[in-house]
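Listed in order, the protein sequences are those of chains A and B. For what it's worth, full-length UniProt numbering labels the leading residue of the first sequence as 1, then goes sequentially. For what it's worth, full-length UniProt numbering labels the leading residue of the second sequence as 1, then goes sequentially.
Check the hints yourself; a few may be wrong.
[Claimed, not checked] Far from chain B, some chain A residues (derived; all Cβ distances over 10 Å):
#, residue
1, Arg14
2, Pro81
3, Leu102
4, Ala124
5, Ala127
6, Gly260
7, Leu278
[Stated by the list, open to error] Selected chain B positions facing chain A (Cβ under 10 Å, derived; list incomplete):
#, residue
8, Glu11
9, Thr16
10, Gly17
11, Ser32
12, Thr110
13, Pro118
14, Gly270
15, Pro271
16, Glu278
[Unchecked claim] Stretch-level coverage of chain A by chain B, calculated; a stretch enters the list once three of its residues show a Cβ under 8 Å from a Cβ in chain B:
#, stretch
17, 44–56
18, 112–123
Keep in mind the hints are simulated off the structure, nothing from the lab. Since the model is a prediction, treat every value here as computed from it, not as a measurement. All residues carry an ideal CB built from backbone N, CA and C; glycine is no exception.
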Amino acid sequence: MVIETQGLTKRYGRVVAVEGLELRIEAGEVYGLLGPNGSGKTTTILMLLGLTEPSAGQVRVLGLDPVREPLSLKRQVGYLPDSVGFYGEMTAWENLSYIARLNGLPPALAKARMERVLERMGLAEVAHRPVGAFSRGMRQRLGLAEVLLKEPKVVILDEPTLGLDPEAAQEFLKMIQSLKSEGITVLLSSHLLHQVQAICDRVGLFHKGKLVLEGRVEELAQRVLGGAYRIRLEATPLNGLAERLQALPEVSRVQTEAQGLRLEATQDIRPQVAKAVLEAGAALQSLVLEQPSLDEVYARYFQEVRHAA
Amino acid sequence: MQRSSASRRREGSPWTGLWAVFFKEMADHLSSTRMRILEVLILLSAVGAVYAGAQTLRQTISEDPFLLLRVFTAAQDPLPSFVAFLSFFLPLAAIALGFDAINGEYSRNTLSRILAQPIYRDALLWGKFLAGLATIALILLALFLLVVGLGLIFLGVPPSSEEVARALLFLLATLAYTGVWLGIALVTSVLFRSAATSALAAIAVWLFFALFWGIIAQLLAQAVAPFDPFDPESELRQTEALLAFSRLSPNTLYAEAIQALLNPGVRSLGPVLISQLEGALLGSPLPLGQSFLLAWPQLTGLIALTIGLFAVAYVLFQRREVRA
């Protein structure tokens with residue numbers, strides 16, 4: 001177990017930022033801490049790093065207590081804050097070299113590592129330019145370069161894709177994914193659920209300081225959406241088609257949309273659906289199995305929570 | 001802080017990373033534009049003051065045993081003395097170096113990144129404080145050598161060893177005085193999130209002590225020890241009260257310390273009664289050791305004030321949330 005918390009709680013005065021958090025992350029996992037802004041993700045991360053003291057509960061990261069043993073913990077854990085800033089008048093190289101010195105790396109080793117991480121992040125050419133002129137994407141990559149400088153066992157990324165254009169975000173996510181192949185445990189937080197769902201092994205959904213849902217994306221979809229298989233079809237005419245499809249034993253729900261229908265089913269029943277549509281005498285234009293998205297899981301979950309309340 | 005775990009100490013040394021911070025900050029200071037501006041200002045005023053002082057000295061006191069020290073303190077009418085210039089500019093220099101020490105890290109979003117490295121907050125604060133102090137010490141030393149050199153050129157008299165020793169002690173006192181203002185700037189930089197507010201607050205403190213504290217000390221002294229025309233001792237009491245109140249200001253402490261150190265003729269920094277002067281050889285200089293003893297309370301006061309202010313900044317900073 002790389003990261004483990006028990007009953008982790010943080011209060012700011014009377015406001016509870018994080019409440020009774022039980023988090024267990026295994027070595028080599030990519031874990032997504034997801035939820036809207038202000039749901040306690042950053043506070044959790046700061047407590048994992050010992051940058052904020054917990055009000056109650058236990059934290060162990062790599063078996064170390066962040067409050068009592070912060071130095072050996074921070075030597076092995078890399079952290080990229082949500083709004084990462086650098087000394088703008090210093091070059092990328094100088095910024096990295098300051099961090100290398102803070103980590104106590106010997107100069108020769110630091111130089112070799114800095115060259116390697118800058119190369120890997122595609123910043124080798126701009127290494128000697130002042131960071132003040134860097135774009136948001138370049139800063140973010142420089143941040144990741146800095147994290148890799150200490151060759152960490154665990155990497156914690158707070159909103160790594162925030163403020164990046166879609167292309168840069170995809171590229172950055174790919175870089176994060178490549179950490180997994182090196183055996184680095186990754187914990188990332190985000191409120192952009194659809195962006196990160198592809199690279200997370202497991203996700204935890206935060207709501208008002210509590211971890212309300214946790215598991216693999218498909219599991220969550222199965223649990224919350226009732227059926228993990230979502231089929232979209234377009235056909236003309238649509239009349240009577242919905243009732244006919246509802247009658248299929250595997251279908252749990254049918255929704256009519258502008259162009260076609262959306263089915264939820266317990267299995268992949270595309271052949272049966274196609275057959276039913278053709279038997280009804282309609283022309284089938286498309287039939288697609290949709291991947292469940294975390295956004296939907298999230299939206300549906302809170303819909304249900306509100307209904308229950 | 002959990003009481004139960006108070007007995008368990010945190011691992012490692014709080015100084016880890018101190019020198020990395022120190023050298024980075026020092027390099028920042030020495031290459032920053034604001035430092036250039038200050039250097040030019042201080043340099044100009046120093047050269048002006050010394051030149052004017054030397055002109056006066058050449059005309060008036062040609063047989064003074066402490067010529068070098070006179071270079072520091074002599075003033076020619078439109079221009080104040082070198083020492084007066086220093087006591088005016090150095091607080092400003094210290095404030096300029098320290099007012100954005102901590103809040104600057106917040107506003108650049110670098111604080112959480114730096115604190116995620118294997119160092120304690122102690123190292124960051126100490127590194128910044130020491131770098132500021134070392135920068136000032138460097139400027140002071142350069143300025144001091146410049147003044148001594150100029151003095152030699154203008155006056156042509158080499159300083160005696162006692163003069164050099166007194167001048168070095170004066171340098172130490174000046175450094176302690178600057179440390180107080182660096183401490184004040186550090187405290188405001190932790191207290192206020194905006195660098196402009198922090199600078200303004202520090203300058204307000206400086207103005208308060210430079211302009212208003214003298215008046216306030218007088219009012220307080222009059223209130224505490226009212227002057228009674230039929231009681232001659234009440235006058236003495238009032239003078240002593242005034243002195244006690246005005247010594248709460250670092251400016252007074254510094255002025256008194258350098259008065260004792262740079263002027264060997266000064267025998268007391270407070271009121272002296274006629275009876276105490278019995279048997280004294282008026283006008284004869286005190287030996288260095290005695291002058292040092294005279295300035296000792298003021299010196300320790302300045303150093304204690306510096307340490308106290310640093311401690312306040314330390315406590316405030318340790319309790320600050322990393323997140324802005």
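Verdict on Gly260 of chain A as a residue remote from chain B, using beta-carbon distances over 10 Å: holds, 47 Å
Given as non-interface: Arg14 of chain A, partner chain B, CB spacing beyond 10 Å: holds, 16 Å
Status of the hint placing Glu278 of chain B at chain A (closest C-beta pair under 10 Å): Hint on Glu278 of chain B: violated, closest Cβ of chain A at ~64 Å, above 10 Å.
Non-interface claim for Ala127 of chain A, where every Cβ of chain B lies beyond 10 Å: holds, 18 Å
Restraint satisfaction for Pro271 of chain B [CB to CB of chain A, less than 10 Å]: violated, 53 Å
Residue hint Pro118 of chain B, partner chain A, criterion CB-CB below 10 Å: holds, 4 Å
Coverage assertion for the stretch 112–123 of chain A with respect to chain B, Cβ distance below 8 Å, three residues required: Violated - the stretch 112–123 of chain A has 0 residues with a Cβ nearer than 8 Å to chain B, which falls short of three.
Thr110 of chain B as chain A interface residue, shortest Cβ-Cβ below 10 Å: Nearest chain A Cβ about 5 Å off; hint holds.
Satisfaction of the Thr16 of chain B interface hint, Cβ to chain A closer than 10 Å: holds, 6 Å
Hinted contact Glu11 of chain B with chain A - closest CB pair below 10 Å: Glu11 of chain B check passes; min Cβ-Cβ to chain A is 5 Å, inside 10 Å.
Separation of Leu102 of chain A from chain B, once the least beta-carbon distance is taken, above 10 Å: Nearest chain B Cβ is 4 Å from Leu102 of chain A, so the label is violated.
Status of the Gly17 of chain B interface restraint (C-beta, 10 Å, chain A): holds, 5 Å
Consistency note: the structure conflicts with the earlier hints numbered 2, 3, 14, 15, 16 and 18.
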